[in-house]
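Protein sequence lines, in the order shown, are assigned to chains F and U.
The first sequence begins at 27 in the working numbering and counts up one residue at a time.
The second sequence begins at 2 in the working numbering and counts up one residue at a time.
No lab work stands behind these hints: they were computed from the structure.
Wrong hints could be hidden among the right ones.
[To be verified] Ranges between beta-carbon positions, derived for each pair:
(1) F:Ala361 with U:Ser187: 33 to 39 Å
(2) U:Lys139 with F:Val391: 29 to 35 Å
(3) U:Ala78 with F:Phe341: 30 to 36 Å
(4) U:Ala115 with F:Ala319: 52 to 58 Å
(5) U:Ser42 with F:Ala34: 35 to 41 Å
(6) U:Gly62 with F:Leu38: 57 to 63 Å
(7) F:Ala361 with U:Gly62: 23 to 29 Å
(8) F:Phe341 with U:Lys139: 47 to 53 Å
(9) U:Ser187 with F:Ala34: 30 to 36 Å
(10) F:His337 with U:Gly62: 18 to 24 Å
Beta carbons are placed, not taken as given, at the ideal position from N, Cα and C, and that holds for glycine.
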Amino acid sequence: MRASEWAALVKLSLARDKRFAVSSAFGITVGVASLVFFVGLGLGIGKLLREKVFPVDARLVEVVPPKLALGGLLGGGTIDETTVKRLSELPGVAQAFRKMNVRVPAVSRYDGDFFGRPLRMGLEVLAVGVDPALVKGDLLLGDFKDPGPSQPIPAVAASRLLEIYNKSFAPARGLPNLTPQLVTGLMIPVEFNRSFVTSSPGGTVTASQLQLVGVSQRGLLAGVTIPLETAKRINRASGVDAETFTAVTLLAASPGDVPGIVSAVKGLGLQVDDEEQQLAQNAAAVVVLITAAMALLSGLICLLAAVNIAHALAFAVRARARDIGIMRAVGASQADIRNWVLGEAAALGLVGGVVGTMLAIGAAVGIDIWVTRALPPFPFKPETFFDWPAWLWGAGVLLGTVAAFLGAWGPGRQAARIDPAAALAG
Amino acid sequence: MIEARGVSRSYSDGEGGALRVLDAVDLLVQAGEFVAVVGRSGSGKSTLLHVVGGLDAQYQGEVTVAGQRLTGMNDAALSRFRNQQVAFVFQSFHLMPTLTVADNVALPAFFSAAPVNRTQGTLAALQRVGLADKKDRKPSQLSGGERQRVAIARALFTAPKVLLCDEPTGNLDAATGDAVIDVFRSLNREGLTILAVTHEERLRDAATRVLTLSKGKLS
Ligand SMILES: Nc1ncnc2c1ncn2[C@@H]1O[C@H](COP(=O)(O)OP(=O)(O)OP(=O)(O)O)[C@@H](O)[C@H]1O
Ligand SMILES: [Mg+2]
């Protein structure tokens with residue numbers, strides 16, 4: 027049987043038995059729709075976690091001094107320039123960014139106009155100095171370097187801080203929403219060597235200003251990120267440690283280098299702060315687990331659909347025994363009959379797969395629109411909860427076709443084995 | 002055109018025994034003949050026709066039709082043979098109820114090895130049986146005689162060498178049966194070899210030779 031004739035026969039026979047076609051394709055549609063929906067949702071949530079909630083760069087390794095002073099015995103314990111040099115020379119390390127906390131307390135008192143609203147607040151400020159290269163990709167204004175005493179200090183805010191401000195802090199206080207562009211240039215007064223929560227240490231209070239020059243995912247979440255040299259200068263001026271680093275962020279050449287770097291770092295008597303990674307991994311694992319469970323369930327629905335198709339086809343084959351006899355009499359071979367049944371099923375599966383995939387995406391778009399309109403803003407509220415890579419579309423259609431095809435296998439063989447002479451006599 | 006030698010065919014009788022329907026039958030039909038086979042109901046007429054037409058391969062003996070030796074042919078080759086060399090006309094017409102007359106006539110085209118011009122072939126075959134104006138009807142909208150003429154048109158569609166008819170007038174009244182027999186007559190006059198099994202007197206009269214099947218033997 028030629029392929030074009032085969033396709034024409036399948037089309038003809040499906041068109042004349044629409045009720046059968048629709049009821050057989052329905053199960054496939056439901057199975058594929060739920061599978062594509064849940065996998066799309068799982069992928070979307072996973073992406074949200076990765077890109078917005080825990081934007082962990084898989085190539086970054088955060089090195090910190092050991093929490094116990096044991097490292098001191100092994101000759102490690104602190105991170106100084108020599109340690110940094112050794113770290114940056116580890117195999118697989120592309121770059122090393124030093125970080126030093128401002129080791130004196132600092133506060134900010136804001137009393138004035140804040141984007142058109144009066145704002146009065148005072149808060150403790152944590153500041154960390156970093157190698158400028160760490161945040162240079164996110165700068166929107168000027169240079170990220172130490173400006174010297176009595177000049178505004180360039181500062182970078184954390185993306186997640188801005189997100190939390192926009193979705194939780196601002197709405198409750200009637201404050202406007204802010205974009206990185208809007209906050210860039212903002213001046214924030216700051217006083218070093220002063221604290222609201224402890225008695226201020228001795229030493230002179232230095233008043234200065236922070237000027238926001240960008241928003242970065244690499245910024246310190248609960249504080250501001252400033253140039254390393256500025257942090258050193260403030261620490262030196264306050265008579266505290268200005269030599270050892272709080273942490274070093276290593277950038278691996280590729281994510282595959284990270285495990286090797288981590289064990290080398292531990293070999294140097296240092297620790298890796300992977301709290302963020304752990305959180306991200308745990309959250310991702312939960313999402314993967316739930317997605318897998320839902321996908322399994324949907325797979326079961328597809329299996330049921332295949333069984334359903336098998337039943338429907340087996341019934342149809344018995345009902346069409348005479349038709350099969352007629353086709354055999356005019357020249358259909360056993361293979362032709364089998365391929366005809368398989369072709370019908372594959373066509374139903376294909377249609378069910380396409381319709382199911384489209385239904386899933388339609389439902390997802392509906393949910394996204396509903397969430398956007400009906401739910402109040404919350405931190406990390408996404409534009410979409412779903413992710414549709416091309417392979418997922420393909421998988422949906424393929425799954426429908428394969429499920430139907432498998433269901434048709436038995437009935438196809440059964441149809442091919444019908445004895446035409448007996449079918450025509452009956 | 003048809004050469005069957007020592008053909009035997011048995012069915013199991015459902016009680017472990019065998020029912021020998023054809024018992025070493027010899028049948029020789031020359032090209033252009035119109036042979037009628039008569040016999041009581043259950044004598045094995047349909048069985049003989051199925052064997053000769055390549056629809057039943059479960060026999061012993063040797064069968065050659067239109068120069069092709071059927072014995073030992075695989076399913077694909079037998080199917081090609083049924084599609085190209087022979088055609089069946091059945092007592093109960095065996096049309097596809099959901100297909101139009103034209104689609105029924107062109108049914109063999111689905112299984113043809115070479116591309117076929119459906120429109121042209123359908124029209125020619127329907128004109129041959131005088132039903133060209135009813136090509137878009139469904140079989141249920143036709144009379145019995147018309148249905149059998151559609152079945153004949155389907156048989157003619159592939160221009161077979163042999164026409165195998167199983168009680169072709171069995172479901173028709175005398176007048177419409179006569180019309181169908183006239184079609185066979187003129188087809189035979191144009192050179193088509195016809196093997197018909199029947200117990201109809203009039204069909205027997207139209208044949209050029211009459212054989213009797215009885216107790217598994219042809220005489
Ligand atoms: N598939 C089958 N299985 C078992 N027995 C069968 C089968 N087909 C036919 N028979 C038996 O073989 C015998 C001959 O059957 P066949 O149909 O060839 O007779 P026939 O001469 O065509 O009869 P009729 O004139 O009634 O059509 C019958 O006794 C029938 O019961
Ligand atoms: Mg019979």
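Right, here's what the structure says about each hint:
1. F:Ala361 with U:Ser187: 33 to 39 Å: Given range 33 to 39 Å: holds, Cβ gap about 37 Å.
2. U:Lys139 with F:Val391: 29 to 35 Å: 44 Å Cβ-Cβ, so the 29 to 35 Å window is violated.
3. U:Ala78 with F:Phe341: 30 to 36 Å: Since the Cβ atoms of Ala78 (chain U) and Phe341 (chain F) sit about 32 Å apart, the hinted range of 30 to 36 Å holds.
4. U:Ala115 with F:Ala319: 52 to 58 Å: For Ala115 (chain U) and Ala319 (chain F) the Cβ distance comes to about 54 Å; the hint holds.
5. U:Ser42 with F:Ala34: 35 to 41 Å: With Cβ atoms ~40 Å apart, the hint holds.
6. U:Gly62 with F:Leu38: 57 to 63 Å: 38 Å, violated
7. F:Ala361 with U:Gly62: 23 to 29 Å: Holds - the Cβ-Cβ distance for Ala361 (chain F) and Gly62 (chain U), about 26 Å, lies within 23 to 29 Å.
8. F:Phe341 with U:Lys139: 47 to 53 Å: Hint violated: Cβ distance 23 Å, outside 47 to 53 Å.
9. U:Ser187 with F:Ala34: 30 to 36 Å: Distance hint for Ser187 (chain U), Ala34 (chain F) holds at roughly 33 Å.
10. F:His337 with U:Gly62: 18 to 24 Å: About 41 Å separates the Cβ atoms of His337 (chain F) and Gly62 (chain U), which means 18 to 24 Å is violated.
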